[in-house]
Amino acid sequence: MTPDAQVDYSIVPLLMLLTSLLPAGIIFCLREDQVRWRTTLNMAGAVAKVGFVVALIPPVVSGDKLRVSMPWVPGVDLVLVTDAFSLFFVALSAGLWLVTTIYAIGYLEGAPNRSRFFGFFSLCVTATTGIALAGNLITFLLFFEMLTLVTYPLVAHRGTKDALDGARTYLAYTLGGGVVLLAGVVWLTALVGPVEFTAGGVAAVADLAAERPGEATAIGALLLIGMSVKAAIVPLHGWLPIAMVAPAPVSALLHAVAVVKAGAFGIVRVTHDLFGLSVAGELGLLPVMAGFAGFTIVYGSIRALAQDDLKKRLAYSTVSQLSYVALGAALVSPLATAGALVHIVHQGMMKITLFFCAGLFAEVQGISKISQLAGVGRRMPLTGAAFTVGSLGMIGLPPLAGFVSKWPLALGGLDAGTTWVLPVLIASTLLNAAYFLPVVYALWRPEPDDQEAAVPAVPPRRRLEAPAALLWPPVVTAAMVLLMGVAAGWTYSPWGLAEIIAGGSYR
Amino acid sequence: MRYPALLPALVLLPLLLSAMVALVPRGPRRLAGAAASSITGVLGSAVVLALMIDGGSWEFALAGWEAPLGITLQADGTSTAFLALMTVVGVAVTVYAAAEPRLAGGPDFWPLWLVLWAGLNGVVVAGDLFNIYVMLELVTLAAVALVALGGRSAAAPALRYLFVGVVGSLLFLLAVALVYAETGTLDLLQVTAALEPGPVLTAIVALTLLGMGAKMALFPLHAWLPVAHPAAPAAVSAVLSALVIKAGVIVLWRIWFGLADDATAVRALGVVAGIAGAVAVFWGGAMALRSSRLKQIIAYSTVAQVGYFAIVLTLADGSAAGWSGGVVLVLAHGLAKAAMFLAAGTLAVAYGTDRLSHLHGAITHTPMTVAALGIAGISLAGLPPTFGFVAKWQLLMAAIEQGAWWWIGVLLLGGLLTFGYTAAMVRATFNRPGDDEVPAPHRVRSVLAVVPFTLAIASVVFGVFSAGLVDLVAEDPTVRGHG
Chain A
1 MTPDAQVDYS IVPLLMLLTS LLPAGIIFCL REDQVRWRTT LNMAGAVAKV
51 GFVVALIPPV VSGDKLRVSM PWVPGVDLVL VTDAFSLFFV ALSAGLWLVT
101 TIYAIGYLEG APNRSRFFGF FSLCVTATTG IALAGNLITF LLFFEMLTLV
151 TYPLVAHRGT KDALDGARTY LAYTLGGGVV LLAGVVWLTA LVGPVEFTAG
201 GVAAVADLAA ERPGEATAIG ALLLIGMSVK AAIVPLHGWL PIAMVAPAPV
251 SALLHAVAVV KAGAFGIVRV THDLFGLSVA GELGLLPVMA GFAGFTIVYG
301 SIRALAQDDL KKRLAYSTVS QLSYVALGAA LVSPLATAGA LVHIVHQGMM
351 KITLFFCAGL FAEVQGISKI SQLAGVGRRM PLTGAAFTVG SLGMIGLPPL
401 AGFVSKWPLA LGGLDAGTTW VLPVLIASTL LNAAYFLPVV YALWRPEPDD
451 QEAAVPAVPP RRRLEAPAAL LWPPVVTAAM VLLMGVAAGW TYSPWGLAEI
501 IAGGSYR
Chain B
508 MRYPALLPAL VLLPLLLSAM VALVPRGPRR LAGAAASSIT GVLGSAVVLA
558 LMIDGGSWEF ALAGWEAPLG ITLQADGTST AFLALMTVVG VAVTVYAAAE
608 PRLAGGPDFW PLWLVLWAGL NGVVVAGDLF NIYVMLELVT LAAVALVALG
658 GRSAAAPALR YLFVGVVGSL LFLLAVALVY AETGTLDLLQ VTAALEPGPV
708 LTAIVALTLL GMGAKMALFP LHAWLPVAHP AAPAAVSAVL SALVIKAGVI
758 VLWRIWFGLA DDATAVRALG VVAGIAGAVA VFWGGAMALR SSRLKQIIAY
808 STVAQVGYFA IVLTLADGSA AGWSGGVVLV LAHGLAKAAM FLAAGTLAVA
858 YGTDRLSHLH GAITHTPMTV AALGIAGISL AGLPPTFGFV AKWQLLMAAI
908 EQGAWWWIGV LLLGGLLTFG YTAAMVRATF NRPGDDEVPA PHRVRSVLAV
958 VPFTLAIASV VFGVFSAGLV DLVAEDPTVR GHG
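Protein chains in written order, with our numbering: chain A, 1 to 507; chain B, 508 to 990.
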């Protein structure tokens with residue numbers, strides 16, 4: 001993202017797509033009972049993608065870019081590029097894909113239609129990777145729509161009426177958003193030609209904003225509205241709580257990295273790398289977006305309070321937390337930008353932990369309501385601990401990851417002169433505490449009728465409290481939540497990388 | 508590589524083969540028909556490849572007689588694109604029909620199909636109006652006979668189709684007669700040069716619009732289509748929707764972009780066609796959403812998509828993006844619709860019906876067929892990275908160039924409607940809880956799933972690698988701006 005960045009033409013970005021696209025294609029052709037093949041392919045793809053990311057971090061941080069392009073519709077190329085921001089997002093999706101794959105393999109053991117599930121699962125990650133690597137708007141749009149489509153069969157996977165209706169609502173919202181986005185992309189391309197994302201904004205777009213501010217504002221609004229549907233910003237958030245009908249690994253992926261993050265990532269791309277903060281600010285896009293995001297933060301938290309269904313509460317929590325990213329992206333302050341960026345990763349890590357745990361409660365204990373959770377932590381100590389770490393992180397307790405995103409956001413808000421951000425964040429933190437702490441308390445509270453049932457609630461014959469493939473992913477991600485908070489000072493920590501990327505927007 | 512002499516073979520060879528296949532006894536006729544169709548397919552591929560490598564336009568005067576006396580055949584970039592579509596869909600339908608006679612309407616399918624193929628090739632390469640008329644008649648008659656293969660219940664729809672088709676042809680014949688009376692020639696290029704602006708020109712354009720509107724089922728002349736297309740056997744439905752409709756489209760476009768001038772009356776016709784097209788997009792989409800049978804949904808979808816072909820009359824006016832967008836839309840629609848109808852036929856064989864309410868579990872039992880349906884629908888709806896998106900993108904660009912915002916709304920909302928009924932079709936195939944114990948439906952040969960799936964995948968592959976094809980069409984001399 002440095003201006004003198006060296007651009008290498010390379011097929012590496014394409015290979016990064018193929019690490020999940022290829023397994024997807026093969027998995028679709030596998031028979032239902034070829035479990036070993038499917039598992040091997042899934043894991044090989046996931047590990048290969050993580051390998052690519054790890055190998056690319058040092059050169060990209062030092063300013064190298066890898067780029068590949070191909071002519072597509074007249075005048076427009078398909079461009080994949082690894083800049084620091086895209087690698088940041090790929091790293092998140094690759095890492096979480098790996099743990100979610102393990103979790104999903106355990107979760108779906110013996111369930112029907114697994115080839116279909118894992119095929120679309122891999123396609124979903126392919127689309128997310130494509131969104132991250134997209135070098136221009138139209139490539140972004142391609143993978144953005146692909147993500148919508150390949151997630152549908154995952155949400156509808158169970159085939160019950162609830163699942164199909166939820167999936168239909170999801171599709172209606174996201175396709176509608178896609179159409180709005182397409183309108184914006186076409187309009188912009190017709191006026192200034194194809195534009196590639198550039199740190200700090202594209203010069204041609206800035207010229208357009210200077211000459212025809214009205215049209216530029218309308219285009220920006222279309223693009224941001226299109227993104228906001230996936231980012232679940234009120235009033236476009238309706239699909240997210242309904243899409244909860246999906247199997248737990250899908251919910252985890254949807255809330256942590258795939259769909260909602262694609263929207264948040266897109267918002268940052270449009271405001272920072274397309275318009276540029278100063279232009280977007282002059283056009284009035286930023287204050288409006290900040291307003292909606294601020295409202296969503298509080299609204300989502302309040303709605304979360306009222307939910308008894310654990311997954312629903314987590315869903316509204318996502319609605320609220322996602323807008324931290326949008327809010328940070330709308331504030332003109334390097335600190336706030338870095339806070340927004342790092343929250344993409346932190347929120348993903350924390351939320352996936354919580355959803356993994358919610359899935360475990362449902363699978364092992366058959367519990368989906370918060371009111372039934374009493375004492376579960378004593379029976380499932382590791383899961384309970386992971387959930388506790390995730391919750392406290394969400395509240396923003398130091399030294400957990402959530403603190404490292406909230407603190408710079410608050411400071412950045414003051415720095416940018418938008419003091420109302422502070423009360424919003426404080427209110428949100430209090431509300432977070434209000435809807436997470438009772439859950440945590442319930443987990444560890446002795447069961448009222450447990451006194452006579454005595455202690456050995458964990459069946460003694462079982463070594464672990466849950467199947468290993470389900471248990472270790474949340475434990476690992478919870479540990480990451482702690483680690484990301486403690487080691488935030490390290491250069492290659494999410495916070496360290498976020499600071500580097502944010503620097504690019506203020507050059 | 509210039510082999511213009513191959514152009515007449517595109518028409519004459521399948522006609523000859525048709526006569527030969529008709530003489531083969533009914534027993535082995537399927538084999539003979541499949542062989543003859545394969546030969547036609549090979550010839551078509553060879554011509555398309557040669558034209559693509561050549562990149563230029565071919566002209567051929569039959570027996571050396573030049574226009575206006577003789578018969579000339581011509582092929583430009585647009586013809587190449589249309590020929591490519593006919594060849595790809597033609598080969599796919601041949602394989603499909605050969606694999607399952609029930610879906611083709613029995614052995615009588617083959618000679619009729621060859622006549623139809625000859626006529627379709629002929630419409631595309633004919634260089635003069637009279638031969639265009641003759642070839643159109645050939646297409647209509649063969650198509651009507653093919654619909655009638657759908658059995659007793661198809662007789663009434665076939666008759667209705669015949670009436671509409673013949674009326675359409677007569678209107679076009681009247682237009683041709685007017686042209687001849689006015690200019691004394693029928694060669695399209697010469698007519699373009701010779702025809703003076705005036706009421707006669709307006710009448711010619713209006714008659715063509717009306718005649719071809721009836722043949723391509725443009726709203727409000729569409730009522731025959733949702734009856735006739737589903738009544739035919741699946742292989743025939745695919746050909747009707749993917750190819751036969753397109754014969755009307757290319758004739759309308761050739762005349763319109765060749766002759767239409769800037770007169771107020773002609774502009775008004777364009778507006779009328781555009782409005783009819785927009786209404787068709789919404790009406791067809793809404794009716795498709797309300798339908799409960801696969802083939803009916805797909806047929807109404809054709810009504811909607813034909814609306815776009817009428818809108819192209821306005822969007823391609825002086826706009827290269829609009830023109831190549833229109834041609835790509837024809838190709839994308841052809842591939843997707845063929846895939847859809849063939850997939851619907853496969854599901855109908857597997858489940859004994861194409862009612863949505865009976866298809867649950869199909870996504871597990873026949874995943875490839877359902878995937879074909881879904882992917883084709885995505886292309887039809889114009890979502891990236893499919894062929895349909897490449898078309899829609901260029902049409903949107905053209906609309907913005909012209910500052911015609913309303914077309915953007917029509918294009919985008921029409922796409923959402925398309926996606927709506929596609930999703931409804933796919934939704935119906937999901938397993939209901941407990942479906943795993945339900946016995947699998949009738950087994951179908953895997954080729955019946957592979958053919959529609961291949962067509963659907965082709966619309967993605969062509970979508971991703973569309974750059975070369977778009978160039979072929981965009982530099983075409985038939986782009987005649989008159990603004």
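Among these hints, one or two may not hold up.
[Said to hold, decoys possible] To spell it out: a stretch of chain A is covered by chain B in this simulated footprint if at least three of its residues, at any positions, have a beta carbon under 8 Å from a beta carbon of chain B; those stretches are:
no.: 1; stretch: 363-369
no.: 2; stretch: 401-410
[Stated by the list, open to error] Label-pair distances were calculated between CB atoms; the ranges are:
no.: 3; chain 1: B; residue 1: E566; chain 2: A; residue 2: P71; range: 27 to 35 Å
no.: 4; chain 1: A; residue 1: Q34; chain 2: B; residue 2: R952; range: 22 to 30 Å
no.: 5; chain 1: A; residue 1: S10; chain 2: B; residue 2: A542; range: 46 to 54 Å
no.: 6; chain 1: A; residue 1: G291; chain 2: B; residue 2: L796; range: 44 to 52 Å
no.: 7; chain 1: B; residue 1: V778; chain 2: A; residue 2: T160; range: 18 to 26 Å
[Claimed, not checked] Partial list, computed: chain A residues near chain B (C-beta under 10 Å):
no.: 8; residue: G75
no.: 9; residue: P112
no.: 10; residue: N113
no.: 11; residue: A172
Derived from the structure by calculation, the hints contain no laboratory data.
Note that the Cβ used here is the ideal one computed from N, Cα and C, for glycine as well.
Here is how each hint holds up against the structure:
no. : hint                        : result
1   : 363-369                     : violated (count 0)
2   : 401-410                     : violated (count 0)
3   : B/E566 / A/P71: 27 to 35 Å  : holds, 31 Å
4   : A/Q34 / B/R952: 22 to 30 Å  : holds, 23 Å
5   : A/S10 / B/A542: 46 to 54 Å  : holds, 49 Å
6   : A/G291 / B/L796: 44 to 52 Å : violated, 37 Å
7   : B/V778 / A/T160: 18 to 26 Å : violated, 49 Å
8   : G75                         : holds, 8 Å
9   : P112                        : holds, 5 Å
10  : N113                        : holds, 6 Å
11  : A172                        : holds, 8 Å
This entry does not satisfy hints 1, 2, 6 and 7, going by the numbered hints stated previously.
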